[in-house]
Amino acid sequence: LKLYLNPMASAVEKWSRLWGDDKTPLPPWDSACPASALVTTLSTLRLGGAGDLAPLVNQEAQAALQAVVTQEKVRAVELGCGSGEASVFMAKCGLDVTAVDLIPAALERARQAASREGVEVNWVCGDAFEFTAPAFDFMFDLQCWHVLREVDEPRVVAKMGELLRPGGVVLMLVGSDEEERDNLGPPKVAESAIRSAFAGGGPFEILSIVPSVFDVSAVYGKDPPKCWVVVLKRV
Numbered sequence: 048l049k050l051y052l053n054p055m056a057s058a059v060e061k062w063s064r065l066w067g068d069d070k071t072p073l074p075p076w077d078s079a080c081p082a083s084a085l086v087t088t089l090s091t092l093r094l095g096g097a098g099d100l101a102p103l104v105n106q107e108a109q110a111a112l113q114a115v116v117t118q119e120k121v122r123a124v125e126l127g128c129g130s131g132e133a134s135v136f137m138a139k140c141g142l143d144v145t146a147v148d149l150i151p152a153a154l155e156r157a158r159q160a161a162s163r164e165g166v167e168v169n170w171v172c173g174d175a176f177e178f179t180a181p182a183f184d185f186m187f188d189l190q191c192w193h194v195l196r197e198v199d200e201p202r203v204v205a206k207m208g209e210l211l212r213p214g215g216v217v218l219m220l221v222g223s224d225e226e227e228r229d230n231l232g233p234p235k236v237a238e239s240a241i242r243s244a245f246a247g248g249g250p251f252e253i254l255s256i257v258p259s260v261f262d263v264s265a266v267y268g269k270d271p272p273k274c275w276v277v278v279l280k281r282v
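In the numbering used here, the protein residues as written are 48 to 282.
Please keep in mind that the hints were generated in silico from the structure rather than gathered at the bench.
Remember, it's a predicted structure, so these values are computed and weren't measured experimentally.
Don't take each hint at face value.
Dumping the calculated EDC-like pairs for lysine to aspartate or glutamate here, alpha-carbon to alpha-carbon at most 16 Å [as the list claims (entries may be wrong)]: (1) Lys235 / Glu197; (2) Lys273 / Glu226; (3) Lys273 / Asp224; (4) Lys235 / Glu225; (5) Lys139 / Glu164; (6) Lys269 / Glu226; (7) Lys206 / Glu238; (8) Lys206 / Glu227; (9) Lys139 / Glu167; (10) Lys273 / Glu225; (11) Lys235 / Glu252; (12) Lys235 / Glu209; (13) Lys139 / Glu119; (14) Lys120 / Glu167; (15) Lys206 / Asp224; (16) Lys120 / Asp143; (17) Lys273 / Glu227; (18) Lys273 / Asp229; (19) Lys273 / Glu238.
Work the whole structure out from these sequences, hints included.
Structure, rendered in structure tokens:
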């Protein structure tokens, strides 16, 4: 991953190397299906109408998520949507979804996925730092924040706050420093670093940080790296 964070290369060039074309294998973080944390959340709260998300999140976080995702109309956004599995799943659950990615090849795969599933998503090709839109109710982040924070952490936190309405909720999966294998997985972030980024007078209240693991993928295999499942509320 550090190769693709090389500041000497443009952002488009470095991430395009990973995406290639539709014959290129998916990047390491892409499991070719929506993240199980998102599936569990929406299946339990929006589609099922009841149920307990523990141990995925705590009760305070579940209450905040339920208040948002059970609304009749939910405007959702995903930054760094990649091949679009999460955004397509949210659309299938009845959410009004906008998905942003910097790489045209990734968005082309995403459009194809939406077409196969017969859903509509507002796909936006562009820089997440520059993206603007009316405030959303819900944000899903799969391994995007922990990359953008290495570029400009205060700016990405401010952008996330700008994109969510007060009371809006973020469900976010972040690489964990509890993962001991050096050659596997995304950037490793300490729980204390997450708290430092989002607590203390900023636009968010931290509701839940729970240790978990990423989903199985072709690269990660059956023993995927550890992660944090984070729930934030826009204040």
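Original post:
Quick check: which numbered hints come out false for this structure?
Top reply: 7, 8, 11, 12, 15
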